[in-house]
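Line by line, the protein sequences give chains W and V. So the first sequence is numbered by our numbering: it starts at 1 and just counts up by one. So the second sequence is numbered by our numbering: it starts at 1001 and just counts up by one.
Heads up, some of the hints might be wrong.
[To be verified] Covered stretches of chain W, as calculated for chain V (at least 3 residues, CB under 8 Å):
no.: 1; stretch: 50–61
no.: 2; stretch: 67–80
no.: 3; stretch: 102–111
no.: 4; stretch: 125–136
[Unchecked claim] In silico EDC-like cross-links for lysine to aspartate or glutamate, where the CA-CA straight-line distance does not exceed 16 Å:
no.: 5; chain 1: W; residue 1: 42; chain 2: W; residue 2: 12
no.: 6; chain 1: W; residue 1: 142; chain 2: V; residue 2: 1314
no.: 7; chain 1: W; residue 1: 46; chain 2: V; residue 2: 1314
If you are wondering where the hints come from, they were derived from the structure by calculation, not from laboratory data. Note that the Cβ used here is the ideal one computed from N, Cα and C, for glycine as well.
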Amino acid sequence: MKQEELKSRLNEIKDKLIDIEQKTDTRIFLSCEAENAYVVNKFLFKDLALRFVIATGIDSDDCFEILYHFSNDETGCIVTVKAFIRDRENPAIESIAPFLPGAEWIEREIHDILGIDFKNHPNLKRLILADDWPEGVYPLRKEVKK
Amino acid sequence: MKETIKKPVLAVGPFHPLQEEMEFYQLTLDGEKVTNIDVRISYNHRGIEKISETLQFDQVPFLVSRVCGICSASHPLAYVQAVEEIAGVKPPERALYVRVIINELERIHSHMLWVGLAGHFIGYDTVFMWAWKYREPVLDLLEEITGNRNNYGNVKVGGCREDIPNELIPKMLRELDKIEKKTEMLTKAVLDDPIIHARLKGVGVLTKQAAIDYAVTGPTARGSGIAIDVRRDDPYAAYADLDWNVISQPEGDVFAKAVVRLLEVLESVKMTKEALRKLPDGPITIEVKEIPPGEGCGRAEAPRGETFHYVRSDGGNRPVRHKIRAPSYVNVPSFKASCLGADIADVTITLAAVDPCYSCTERLAVVDGRNNVIHNYESLLQLSREKTARIKKEVGAPEWKLEDI
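With the sequences and hints as input, model every part of the structure.
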């Protein structure tokens, strides 16, 4: 997909987004609330046929951010969906693994290290923490000492 | 069927699986066919993403080059590109060429390593001996220009640490000519061999749709007809100035992946020679004093596929978040698509075809319907080799081995 077409098609989901930020020609950041992330990701993967790269979980001070990175390989453009999870007590977001098997591992990983619940994930068991790691300790949260 | 085998417990914390690490596969069987596969990883976790938040921007390249010994050029490169994106700096031309040369030499030795091991897995130890013998001079070249056979530690934000001396270029070109001839010979020998055709064609097929769904990259994607390559799609370093081709094959089987890797070695040799000839004069580094607040994505085509680094800075001297995605992280789960329904004798080579770490296959165990372990690594390797021997007989290949000549 050409860059112009990509930009105009992104307007189709504009009402689900907070903001579209184009940092450079090949880096686009879309921000949205957690409840809209599923629809936005599905649109990018299924309708725009972008390649899923990975997701990044971040503990920002007042919320959690899940960044879903997609790549448009025809132009080398990375489209990143930034989903904000405002509820710090019971952080949860809809899983994208049901339509994107490539995201199964990374959602399990983020669940392990940040304690975010991925709703409707097919298999949300531990991926990287040991079996005897204590429940409720999430190593990538800021309160865990470096 | 019930899940089985008492799980070994070893690792702690967040991690990032790359080649040189342990993974555990558990296969469930119906007769000779694989009906389910379960993977367990994280035996060798080092918490690199968390450690990275404690280091200064300049120190992180040394840390991430230790993510993987084999990919110790592409990880730091992806990282510094992410930081350079935040800082908005472009390194000098010569540094970009030096980066290409080191990364392509890395690809050559990594693919040779794979070819050798793939030969070993199907009982072709001659291929193993050849490939590893020809890999050795590549490591020597890397040692000569960076001081190390692996973990080069040569890339930094704003350029490179060490230059390639101009006096070394003629010698490198001579060596690369030799490597090219030997690789051509090896490629022909492997690709013209009727037994390797019979053994690897149609084995461990990853369809194009499965490759898209599992979001695989690198030779695993290119072997399934998806011609993606970050070097061409999102050009970095000096790749846009060089003349080379993206190799892809539509079949998706182990043979296609072998073809892709072998032909890529030749492309990489060609590219390295061109980069050496074109190497511009000038400095290899510019000074970068401060990293402003912001976020950047850097990616590099490692031998196994796209390496992706995301870095966020708050204007301090350390990253506040550094995410690393190695290619095997998306390539490994595709086993679920390529191994189900496969013959048990084909599993070792199918798992090996995406070029994950090889210590992983030593942790392979097979259970039958009643949860008894019936095969371990040695017996699976034996099964794989016996199948090759059977095929040899069927196609009427002579009994003697190549090493007898």
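Each hint tested on the structure:
no., hint, in the structure
1, 50–61, "holds (count 6)"
2, 67–80, "holds (count 10)"
3, 102–111, "holds (count 6)"
4, 125–136, "holds (count 7)"
5, 42/W x 12/W, "holds, 13 Å"
6, 142/W x 1314/V, "holds, 15 Å"
7, 46/W x 1314/V, "violated, 34 Å"
The structure shown violates just one earlier hint, number 7.
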